[in-house]
Structure formats: C-alpha cells, structure tokens
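Residues per chain, in single letters:
Number of protein chains: 2
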Amino acid sequence: MTPQRVTLITLGVDDIARSKSFYAELGWSPAEEQEGVVFYQLNGLVLGLFGRNALAKDQGRPDAPLGTGATTLAQNFPTDAEVDTAFAAALQAGATALKKPEKVFWGGYSGYYADPDGHVWEVAMNPFWPLADDGSLTLPPAQ
Amino acid sequence: MTPQRVTLITLGVDDIARSKSFYAELGWSPAEEQEGVVFYQLNGLVLGLFGRNALAKDQGRPDAPLGTGATTLAQNFPTDAEVDTAFAAALQAGATALKKPEKVFWGGYSGYYADPDGHVWEVAMNPFWPLADDGSLTLPPAQ
Numbered sequence: 005m006t007p008q009r010v011t012l013i014t015l016g017v018d019d020i021a022r023s024k025s026f027y028a029e030l031g032w033s034p035a036e037e038q039e040g041v042v043f044y045q046l047n048g049l050v051l052g053l054f055g056r057n058a059l060a061k062d063q064g065r066p067d068a069p070l071g072t073g074a075t076t077l078a079q080n081f082p083t084d085a086e087v088d089t090a091f092a093a094a095l096q097a098g099a100t101a102l103k104k105p106e107k108v109f110w111g112g113y114s115g116y117y118a119d120p121d122g123h124v125w126e127v128a129m130n131p132f133w134p135l136a137d138d139g140s141l142t143l144p145p146a147q
Numbered sequence: 005m006t007p008q009r010v011t012l013i014t015l016g017v018d019d020i021a022r023s024k025s026f027y028a029e030l031g032w033s034p035a036e037e038q039e040g041v042v043f044y045q046l047n048g049l050v051l052g053l054f055g056r057n058a059l060a061k062d063q064g065r066p067d068a069p070l071g072t073g074a075t076t077l078a079q080n081f082p083t084d085a086e087v088d089t090a091f092a093a094a095l096q097a098g099a100t101a102l103k104k105p106e107k108v109f110w111g112g113y114s115g116y117y118a119d120p121d122g123h124v125w126e127v128a129m130n131p132f133w134p135l136a137d138d139g140s141l142t143l144p145p146a147q
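One line per chain: the protein sequences are A and B, in this order. According to the working numbering, the residues represented by the first sequence are 5 to 147, in order. According to the working numbering, the residues represented by the second sequence are 5 to 147, in order.
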C-alpha cells in the first residue's frame, strides 16, 4: 500500500529568476538553491521551482507540450525498494510509466508515472532529505 | 506576508470514478466525498479530485485548454480578511487575477490567481476545515 502522502510539489517555470522574484514578493524565502532549482520549506512538505523544459525532460517526457504535467506531485520514501514498490503499485493501478526508477545524478533514486489524466507523480528516495516518522518532509539546514 | 503553505492540491480529472479507482488501487481511502468531488487526507494537507471542466470554471478560466492549471495549489486561511490580503499580495507580486475572492456556494470564501507561468493558486477560507496553529490542514471527521 502506497502511503497517502505528497512531500514535494515541483512547478515547471519558464524563468526561475522571475519566479523567485514573484515568490519573494509574497514574502517567501528559499531554503535551498542550486543551479537551476529552488526549494521552499512549506508546512511539512516542500515546493520546488525548476525549468519547465528541464522538468519535462526529467519526467521522461522531453517533448511534452505545455500542459498537465507542468506540475509534479512527489512522494519521497526512505529506501529505493519502497520507491520500486510504489512505482509498481502505480502501474498495477493503471498508471502510465514515464521513467522507471533509477539512480539519478543528484545522488538519489527516482521514477515518474502519469495518472489517468496525465498528472505526473514522482516516487523518489533522497538520501539528503530524511523523512519524519509521519512521512512529512522538513528540509535539513542549508549546507 | 503570505505564509509559505500549501494546504490543498486539487487535480482536475476527466472521470472521477476512474480516478477514485486508480487511487483505491494504490490503497488510498477518501476521507470525504460529495457530488463531483473527493478528498483524501495526506500528511498535513489534502488532495482533491474534481472534474477538469468544473475546476477550470471554478478557477475563473472556463475556456482554459488542457494545460497548466489543471492542478490547483491552495492556501487556506482562518478568515476572509486574510484571504483578501493574500490575494492582494499576489497581484502586487505580479500574479494574474482569475477570480476575485468571493463568498462561494459551499459556504466559504475563495479566489484564484495565476503565477507568472499560469500555475493556479487558490486562496480560501473554509469554515468547515479549521487549520492547526502551524497552518497545516487535517480534515475533520466525516459528518
């Protein structure tokens, strides 16, 4: 059984600087920034900004038109095995595989699938983002 | 300053029964169901399923094509005044107004805006969904 959980929402954006400026105007401060990606700590989950094309490519749908899927809903898990289990459960439930879970460049393990309407879910293990016992995600202090 | 918070994610779907079946296959149980809308309790926030066209109409963009905006990111607030403040802050930050906050049929108060990329945010006061002190949202027991 896949836990009822969303730990990371990623918005695909055209211009990260423009988006950062928008959220800064709202009074939001990034908790973490890296080349091409920005993360905000929310209430037990995280919001990420990422290039729209980079996100589509990362999701395994590089030729995706603008559209549903420009947002990612993510579930983080403590282990690779739990990622595989969740991915398999989604396909069993009728999801479309976009990217089979694999070791990824940022040091974790990640796969993507689309629900029946094309909403994109990521299942991931991120060794740098430990989950609380209740499955919530609080970003660690910046390095 | 608008709190860094997402309390409700709504996915616009073509067939709610099909979507419910998909999430049921994952082992997810709705916390609340009404005509045309289903809510799942997540980790301190809530996931909703709502008809795609109904969602687009509710967002103030009835003629929206399939696309960005088929997902709503929502922030709930304790009072109408805080909804107005958050809506005004978003416009000030450069958001596009979609629907000015207003009393809505389900008994709350709600408005919508789009961020620079068209991602749709809702700001709302729902008297039936009290927020915890930390701004997180846990659905009340079903009636």
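Keep in mind that the hints were calculated from the coordinates and are not lab data. As the structure is a prediction and not an experimental result, all values here were calculated from the model. We treat Cβ as the ideally placed atom computed from N, Cα and C, and that holds for glycine. Do not take every clue at face value.
As the list claims (entries may be wrong) - Listed below are the simulated DSS-like cross-link pairs for lysine-lysine, each with C-alpha atoms no more than 27 Å apart in a straight line:
#1 B:Lys24 with A:Lys104
#2 B:Lys24 with A:Lys24
#3 B:Lys24 with B:Lys61
Unchecked claim - Coverage of chain A stretches by chain B, computed from C-beta distances (three or more under 8 Å per stretch; other residues unrestricted):
#4 15-22
#5 40-49
#6 99-105
For each hint, the structure was consulted:
1. B:Lys24 with A:Lys104: holds (24 Å)
2. B:Lys24 with A:Lys24: It is violated: about 35 Å lies between the C-alpha atoms, which goes past 27 Å.
3. B:Lys24 with B:Lys61: holds (21 Å)
4. 15-22: holds (count 6)
5. 40-49: holds (count 6)
6. 99-105: violated (count 1)
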